[in-house]
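Required output: the full structure, derived from the provided sequences and hints.
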Amino acid sequence: MIEVQHLVKQYGSKRAVDDISFTVRDGEILGFLGPNGAGKSTTMNILTGYVSATSGTVAIDGHEILEEPLEAKKKIGYLPEMPPLYVDMTVEEYLSFVFDLKKVKLPKQQHIEEVCNLVRIGDVRGRVIRHLSKGYRQRVGLAQALLGSPDVLILDEPTVGLDPKQIIEIRTLIRELGEHHTVILSSHILPEVQAVCDRVIVINKGRLVADGTPEELSHALSTDHKLTVRVEGPEAEILETFRRLRHIDKAESLGEREPGCYDFNVEAASGYDIRRSVSGAVFEHGWALLGMRSSELSLEDIFLQLTEDPTEGGDV
Amino acid sequence: MGAILRRELNAYFRGAIGYVYLALFFAFTGVIYFIIVYSGLSSMMYTFAYAFYIGMYLIPLLTMRLLSEDRKLRTDQLLLTSPVRLSELVVGKFLAAFLVFALGISMMIPEAVVLSAFSAFDWPVFFTSLVGILLLGAASIAICMLFSALTENQIIAAVLGFVSMLLLSILDQFASVVSSETIKNALLGLSFYTRFFNLTLGVIDFSDVFFFFSVTGVFLFLTARVLEKQRWS
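Here the protein sequences line up with chains H and X, keeping their order. Counted the way the numbering used here counts, the first sequence spans residues 1 to 316. Counted the way the numbering used here counts, the second sequence spans residues 317 to 549.
Do not take every clue at face value.
[Stated by the list, open to error] If you only want the chain X side, here are some residues facing chain H, beta carbon under 8 angstroms, derived:
{"hint": "1", "residue": "G318"}
{"hint": "2", "residue": "A319"}
{"hint": "3", "residue": "L321"}
{"hint": "4", "residue": "L325"}
{"hint": "5", "residue": "A327"}
{"hint": "6", "residue": "R390"}
{"hint": "7", "residue": "T391"}
{"hint": "8", "residue": "W548"}
Simulated from the structure, these hints should not be mistaken for laboratory data. Since this is a predicted model, take the numbers as computed values, not measurements. All residues carry an ideal CB built from backbone N, CA and C; glycine is no exception.
Written out as structure tokens, the structure reads:
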């Protein structure tokens, strides 16, 4: 659906985007992950034809954005970082304007109604956008992107500035939209990408540093098997027992987390599954095992690991 | 294009600018009309002569926010990522300003009708003058629009527009104090007033019409190029 090849964007002497290539399949939800200033917004602006790349190509459903801009743009709904709202208009007027601007061929009133219901702004349709809260503005921006039911949705930090309840609503909505649209969304919030996306692209300093499913990425990087275990019992004795188990490299206590219960980090030599021996040892001594989770690398760790460039000092 | 034209036209009258422009234009030209009637003249030549200056000096009010505001509020991201050609965008905005300008000019029609009821009124002259002022307006709007595309600050766009209108409107006075024949002729050739004055005499000269058309076309084209260039920088 989207094919990006060797994208470069040069601003003066600064390379905002440095040779990024990727493809997005039909119906995929792709997350762009990267710190602020990594080049996420610039990439999105190039994908949507708002700025032009210094070199490289972008094709939306076979239409190159520079060669056939109208065909390509017809297929895209774009929510930029700052929703492009005419604040002097009412929501109704604004959506009607965007509908005409995009030359949508659907029945107007009905389509606007549907989109409003989808993003739940039906109750503010008659209000002037200037007087709307940040959350509503964001949703009007989303409604604008959805008008004309484009195949591709490009959403730049769609949950920024929303309260937790709204964030969950928008995420759920994006998941729903992913069933009928190809979605690219950017974020610097890792759990968000993890919760919403089928695939993640990590960008740092304009470069693509990783590309894969959230699971793939964490598997690829987690070479060691670490467990976090919560046990009720005497701290020192438990720690001693763990250390004597086979294949265990390291065991450390994280301290008392509940009255009488302690958390331990247990690390096995690479390639060994130690869950059985750990739980067995706990039961043998008559202690209570209250929790065990494998501390595979979270996206957060991956992110830090990938974006930390030891040669350039940690200015990430 | 229709969508942009309608939005811009509405925007003039949603805020104060459309009303302020029309009020000022009507007030200034109204005073001149009153003087004409009061002094017993049956020609609207003076009204048009004043409308020339008033129109040109007020046009920056109409054009200042046309493109600068979009850049400032980032609504250009919507316009430029929609399936719309740059030419549609520029012409749509231009036409909105032009229609408001024409609305101001249209007040001269009832003025002429009233005058013609009480005197021998020269309708052909009135008609060519009307064409002249509309052509002049189109060219001036196109020039001022370019300044609006160059900056995201409305005030700067308005000031630059006003200064350029001021210079253009007194080009023929410059010409009269220049000694070199070549420069004098060049200035007169570019002078909006000379071109406009020819049209107010009741004769439509093709070269004058062509002049205003080309100025309009060139500046609309330049505006589109500026917008295009902003995508590449």
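Quick rundown of the hints versus the structure:
For G318/X, the suggested interface contact is upheld, since its CB lies about 7 angstroms from the closest CB of chain H, less than 8 angstroms. Interface restraint check for A319/X: the shortest CB-CB distance to chain H comes to about 3 angstroms, inside 8 angstroms, so the restraint holds. Because the smallest distance between the Cβ of L321/X and any Cβ of chain H comes to about 10 angstroms, over 8 angstroms, the interface hint for this residue is violated. Proximity of L325/X to chain H is violated relative to the hint, the smallest CB-CB distance being about 12 angstroms (cut-off 8 angstroms).
Taken as an interface hint, A327/X checks out: its beta carbon lies about 7 angstroms from the nearest beta carbon of chain H, inside 8 angstroms. Among the interface hints, the one on R390/X holds; its C-beta lies about 5 angstroms from the nearest C-beta in chain H, closer than the 8 angstroms criterion. Annotation: interface hint on T391/X holds; nearest CB of chain H at approximately 5 angstroms, less than 8 angstroms. Using the Cβ-Cβ criterion of 8 angstroms, the hint placing W548/X at the interface with chain H is satisfied: the shortest such distance is roughly 5 angstroms.
Checked against the numbered hints given earlier, this structure breaks hints 3 and 4; the rest are met.
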